[in-house]
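The primary structure of each chain is shown beneath.
Protein chains: 2
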Amino acid sequence: MNNAFDPASAAGLSERSRKLVERRTALLGPAYRLFYNDPVEVARAKGVLLYDSEGHEYLDAYNNVVSVGHCHPRVVAAISEQLGTLCTHTRYIQEGILNYAEDLLGTHADNLKHVMFTCTGSEANDLALRIARHYTGKRGIIVTDEAYHGNSDLTASFSPSLGAQSPLGTWVRRVPAPDSYRVAPDQMGPMMAAHVAKEIEDLERRGEGLAAFIADSMFSSDGIFSHPTDVLGPVRDVVHKAGGLFVADEVQSGFGRSGERLWGYQRHGIAPDIVTMGKPMGNGYPVAAVALSPDIVKNFGRDNRYFNTFGGNSVAMAAAQAVLNVIRDEKLQENSLRVGKMLRDGFAELAKRYEQIGDIRGSGLYVGLELVKDRASKQPDAAAAAAVVNGLRARRVLISATGANANTLKIRPPLVFSEANADRLLSETEKVFAAL
Amino acid sequence: MNNAFDPASAAGLSERSRKLVERRTALLGPAYRLFYNDPVEVARAKGVLLYDSEGHEYLDAYNNVVSVGHCHPRVVAAISEQLGTLCTHTRYIQEGILNYAEDLLGTHADNLKHVMFTCTGSEANDLALRIARHYTGKRGIIVTDEAYHGNSDLTASFSPSLGAQSPLGTWVRRVPAPDSYRVAPDQMGPMMAAHVAKEIEDLERRGEGLAAFIADSMFSSDGIFSHPTDVLGPVRDVVHKAGGLFVADEVQSGFGRSGERLWGYQRHGIAPDIVTMGKPMGNGYPVAAVALSPDIVKNFGRDNRYFNTFGGNSVAMAAAQAVLNVIRDEKLQENSLRVGKMLRDGFAELAKRYEQIGDIRGSGLYVGLELVKDRASKQPDAAAAAAVVNGLRARRVLISATGANANTLKIRPPLVFSEANADRLLSETEKVFAAL
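Chains as they are written, first to last, in my numbering: chain A, 1 to 436; chain B, 1 to 436.
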């Protein structure tokens, strides 16, 4: 895993950290991972700032779940008030879920007329693909090379970024992500469509057929490929021609993250058959969703019921409604666009001085800096990325790394990140590059 | 589905309900189901009482999620306080998750030394079976005839209670639940073990082998079979002999529900290899868990990482800790035992006057009343059960029905249900039976 703490190096930690890490391993077992060479113990947070157990302040340039800022007072108040009023499930009539469903669907493509609620993005992708398979009668799923779509048995089976030891389904096919650093923009859409068409042919040869193509339009775990935005249209055409569904995984790219549009797929000018949402939807409250075309879920709803004990419960809906209201009222999409551009401009200045910065990508407050050994060969430099991530952590600024080669800095702060926060991030990053 | 509202009968509803139901269908689609012939619109709740949009009071004898009572002030306060302090994930060090993990594991069998956190019981069962399959290298899963273990692709595949149209995995085998109304108690354990052994043999013949047997020790969706409690021991022995794992699904039976012990499996005197927990764990806050033996997860943790964005987050842990504290401080397990017994005694009195009550089962505040056409044939009477469930709903008392034949009344109130609440439930039930 990128940016994972290696327990073998626990001896170098402070006594408090070492003891907590040991206790953690004993209690939570071996499947949990911490971030950084020197993991951070967090105690409280506000806006874009985190504080450790000794009161040190950290600038959070990583956490996209708390999208409207850590501990946003309106979200805290909405959840607390609903908790004291009612917290129950979808087998009773409640108006809150209907109001939110209407509000949410109003932001989406016209064909998406139904929304179903889950608790996590994994559950949303799991349900989306169950429905896609039921609708198409096929099993095949196509994803990008380093895609991540969830931790359930089904979604982990089409999440190659979980690593070579995590088994992919026999019905999963991978295509290269649109690597805009290495492929010319005008070739990208046709190339990706051709890759998808080839994999569809293979799935059909094996009798699997195509249920769905699913992608995050920012290709986050592949290395953040935000541009060009004419890539997914040709892919959708090929997928539809084969009778498959196009699923937009908006868990990373949705809710204004890109700055340009509320939903990542909108940047590609397409209307997906199914859209899944998660992470920032409740600013940390577990809530996620699947929006879809009525024709796709019609027979699934006849043959199956769907009930999720906590999905769409009264408090989840209050949390999600508060978040959507805050995104609009505080113009966070606009802020994401403005401050994101400022960050990329600032990194472009840095790139004039530091050869390791091979490429600067992203949209809004989703920024990827690909680090390379030299700009001619574009050879990935994972060591430099790890050094910057941990160097910034030592300076109390939190980011991480992404991509197959772990050489792309992943900068993805809460959407309330201000210009002053951006200045601080840029100047700290410069100091770290200077010391490399 | 048992006790589902049929949208075809919407014409009989109040104008407000009809409009909300229509809006719901339009927004949420066809896979959602409401309870009762006349669905209840809920607006607020407190303790064991729910209130509809017109202010009418309902006695809640059904909801097990809000186990310590609707809107329990200590749980609301704990969640609200943590929401205002910090809500983040497990890739930073936090003490709260360690304290809760230690507290929770301390209530379990000694072999269960690790706990992993998810958001829902479905996610917990999905993860448990992923781990079981990784550990054993086998795929087969054995469940009871009408088991329900979740809504993910994997867990739905071994949840026959979802109905004939919901496909079971080819590697799933079913065994009869321990129907104590029709089989003598001393035959039950050996009979169930023999059924499991036969299915293991079949799984091995097909090259699948056995990964796990999973059961809810109260057999909730099979019809609530709480006794005898010497059934699961022989099953575990057969499962272990075949190299499979015994998974206790405590989503329904855990956290003191049975009154007798904190965990349902403890009533059977066994130590499972894996235990899954959910529903009441956060009193409505989405939090669930998997506890397991270290040897089982050792290689899974080496080959896979497990990260769940919201699972084990700061607020989930605060909620779960508050619930566990309240269960202990308010002696809710003891209350469950006492009031549960009082309920069963009261229903036994009713059974003297109403022939339809064929059997009274359960432990603590989990009560099953099996309704039959006559006591000699023991022929299930689903119509009577539906009439009682809807009759009670008309009298503003909420219960539901369960079992393959939908003829067992499912009574499962919050654990704070008092003797006065039990009196009210009994007297309302008597009125409904008198009017059948």
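These aren't lab readings, by the way, just hints derived from the structure by calculation.
Quick caveat, the model's predicted, so the values are computed rather than measured.
Among the clues, some could well be false.
Treat identical chains as interchangeable: a pair holds within one or across any two.
[Said to hold, decoys possible] When the alpha-carbon atoms are kept at most 27 angstroms apart in a straight line, the in silico DSS-like pairs for lysine-lysine are as follows:
1. Lys373 / Lys198
2. Lys298 / Lys431
3. Lys352 / Lys341
4. Lys198 / Lys19
5. Lys19 / Lys113
6. Lys431 / Lys113
7. Lys298 / Lys19
8. Lys46 / Lys378
9. Lys46 / Lys113
10. Lys113 / Lys241
11. Lys373 / Lys331
12. Lys352 / Lys431
13. Lys198 / Lys46
14. Lys19 / Lys373
15. Lys241 / Lys19
16. Lys331 / Lys46
17. Lys46 / Lys298
- Message: Of the numbered hints stated earlier in the document, which are not met by this structure?
- Response: Violated: hints 1, 2, 4, 6, 8, 9, 11, 13, 14, 15, 17.
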